[in-house]
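Peer 1: Construct all of the structure, not just a fragment, from the sequences and the given hints.
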Amino acid sequence: MERYELLFKKLEKQNQGAFVPFVTLGDPNPELSLDIIDALISGGADALEIGIPFSDPLADGPTIQNANLRALSSHVTPTLCFELLTQIRAKYPDIPIGLLMYANLVFHNGIDEFYARCKNAGVDSVLVADVPVSESRPFYSAAIKHNIAPIFICPPNADDNLLREIASFGRGYTYLLSRAGTTGVQNRMENPLTELVNKLKEYRAAPAIQGFGISEPAQVTSVINSGAAGAISGSAVVNIIENNLHQPQVMLEKLRVFVHSMKSATLR
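Count along the sequence shown from 1, then add 1022; that gives the number in the working numbering.
No lab work stands behind these hints, which were simulated from the structure alone.
One thing to keep in mind: the hints can contain errors.
[Said to hold, decoys possible] Here are the simulated DSSO-like cross-link-like pairs (lysine-lysine), alpha carbons at most 27 Å apart as the crow flies:
| # | residue 1 | residue 2 |
| --- | --- | --- |
| 1 | 1113 | 1223 |
| 2 | 1032 | 1113 |
| 3 | 1223 | 1032 |
| 4 | 1223 | 1167 |
| 5 | 1035 | 1223 |
| 6 | 1167 | 1031 |
These numbers were taken from a predicted model, which means no experiment stands behind them.
Peer 2: Shown next, in the form of structure tokens:
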């Protein structure tokens, strides 16, 4: 949990925002997946947002759904994912690692057991995409018990009551949605969410990182200018993987270049 705090303090001193890429662990296979993590970090990723393959990812568009299917067809299981996460943490002791999950995977062996495994693997945060703050108490309790930051989604239409709840229960960072709907690349940004970011700060919420539809450096700049602490990009990253499945070295280089360009756009 503390890795996020240290990261945001460091970036604030350097007048930078955070750039956080998302990938599905095990996509397209476990070995290449670890190389992909290396490429993201060498490109300048400040933190990682990682999905564990799931057969019915409701909040995701076709790009990330396909990533889940590729990983599942490579026989990637939650147990294997925790082994891979342990390897990533051993290699990169300081980078914040967050999981983006669905509740069924958390329930599978029991909520407490899931968060205990997260702690043992060196995970910093867990966002359960299909559990709103109002239904999150058992997840929140297990997360806090195991020193895992519970992350909550802040939709663009959040009212003050929801913002207060998110501020009260969230730790690590706040996942600020660019728009409603499913994930996917978008070439234009909605209106900057400056007012929402300011309200989250007013309620002392964890720093806002904006995601959904972020695929270009100009969008990252817009997000940072709105006052958010960073930007998350998922579908644009996964598109690079999908479009270069048969030339892994090209894929890895394109990922490094993409992350570098997006990270450069966080400079204030």
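Peer 1: Hint by hint, note whether the structure agrees.
Peer 2: Evaluated hints:
Of the supplied pair hints, the one linking residue 1113 and residue 1223 is violated, its CA atoms being roughly 34 Å apart against a limit of 27 Å. Proposed proximity of residue 1032 and residue 1113 is supported: the alpha carbons are some 21 Å apart, at most 27 Å. Of the supplied pair hints, the one linking residue 1223 and residue 1032 holds, its CA atoms being roughly 18 Å apart against a limit of 27 Å. Taken as a hint, the residue 1223 and residue 1167 pair is honoured in the structure, with Cα atoms around 26 Å apart against an allowance of 27 Å.
Of the supplied pair hints, the one linking residue 1035 and residue 1223 holds, its CA atoms being roughly 18 Å apart against a limit of 27 Å. With a C-alpha separation of about 24 Å, the suggested pair residue 1167 and residue 1031 falls inside the 27 Å cut-off, and the hint holds.
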